[in-house]
Amino acid sequence: MLEICPLAALPRGEARRVEADPPIAVFHTDDGEVFAIDDTCTHQDASLADGWLEGCEIECPLHASRFNLRTGEVDEPPAKLPVRTHEVVIVDGVINVVLDDAPPNLPPGVATRAAGEAAQ
Amino acid sequence: MKSVAVIGASLAGLSAARALRAQGFDGELTIVGGEVRRPYDRPPLSKEFLAGAIGEDALALEADDDDLNARWLLGVQATGLDATAGAVQLDSGTTVAADGIVVATGARARSWPASEGLAGVHVLRTVDDAIALRDELRSGARLVVIGAGFIGGEVASTAAKLGLDVTVVEAALAPLAGPLGVQLGATVARLHTEHGTRLLCGAPVAGLIGSDRVTGVDLADGRRLAADVVVVGIGAIPNIEWLRDSPLELANGVVCDEGGATSIPNVVAVGDCAAWHEPSVGWPHRVEHWTGALERPAVAVATLLAGGRHNGRPVKPPYFWSDQYNRRIQFAGIADPGDEITFEVGGPRDTSFLAVYRRGGEPVAVLGVDQPKLFTRWRRQLTVVPVPA
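In order, the protein sequence lines correspond to chains G and F.
Numbered by my numbering, the letters in the first sequence go through residues 1 to 120 in order.
Numbered by my numbering, the letters in the second sequence go through residues 1001 to 1389 in order.
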């Protein structure tokens, strides 16, 4: 489990990029829910934490693909593959993320650091 | 409406087909594409694909679960439109009959006059163009890029990274001076020069040299640039010649209202071939950006399904991005030389900044370099200031 930050440190409507491998993005929605997904858009290399948060959806800041934060599904193209979601657990007011062990859907030309090193 | 034909199978055509199904059209759908390939994404052709970092598979626009229930006719060109009969003639000799027609035939790269047959001279529009150019981008080769627009800037950036000796020549006073204006175009100029690319602005080209293969580029001021490879990035021409004998109003593109409606109720036009009425400009304005081809077809399809009437909802301001020298340039809105420009973050000499263009105090355009988060916020605040009628 990865400790992110106190819930109070991430205001509603805000997002935080967390340097994991691959990086993840944690969102606190206007409704008070907290979600974690892979930070990199599955279409092309862009940080979803920089995107536009609306309800339970994040819009990619580069090409406006929309992902459902709860399921990771694509709501609007051009993305074709869902973004991987991670379980969020709030422990004593602190946001924790349980990293999913399914393979991430990274965009073409982007690899995890681990995969990049293995390929060297 | 029982049948619709989408003429064009690139991003705008595919987006129109998706929008038709998403908006409840369950009739017969035919998609006609001039290229043999399934719909593919063009922006990587000057970047990751040209660099060899991604392959052709990564360009596919369709998802595995895209089920449009459409009839695809690929590798055929439309040659004529009989709107009253609802028929599109194809160069295969057949005709597609449809109650509604979406014109999405795009644009083609403008080539250098009489450069056909001169090896080493390239344009970049299709996968085949990109493959042909990629094969010639060898480290150490001398590349001259004509035009410092999107294609020229991105090809120069990719080629510089591949180790070529790159010179960009631009007739205007700065790169991207059209969309950004000269003042902020100069910030893009620095990107080139800081990365070892020579940039010559205010330098119109007089001609290409070489008999079988290009050897150089002559500038109007008398200078001669030696070249092993030349890329011509001087804009695109809308593919509208096939509509010449139709009743559609044509200018620099198919003339449309603010919702994609043409002069004929059962025909709409989208993407690079369409010139939609632009309130802030006051006349039909052809937007060649990828995002317009992605988003506007949904508006045009709503217009088509409503019998040629636009529902009046304004479209989003034009938006484009360009990746050059590991910097992400994003721009939204339509700038005018008279706009007041302020820097909200950073300044013109910084590697990352955000600049806002204001007209009458209202933000009408925004430029960000490596500022995606702030850029998105400003993009959503842009106002369209209509020109006085």
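A hint or two may mislead.
Facing chain G, a subset of chain F residues (Cβ under 7 Å, in silico) [unchecked claim]: (1) E1048; (2) G1052; (3) A1053; (4) I1054; (5) A1058; (6) S1280; (7) K1373.
Using 27 Å as the maximum straight-line C-alpha spacing, the simulated BS3-like pairs for lysine-lysine come out as follows [unchecked claim]: (8) F:K1373 / F:K1316; (9) G:K80 / F:K1373; (10) G:K80 / F:K1316.
Hints are computed from structural coordinates only; laboratory data are not their basis.
Each residue gets a CB set at the ideal place from its N, CA and C atoms; glycine is no exception.
query: Tell me, which hint numbers fail for this structure?
result: 2 and 6
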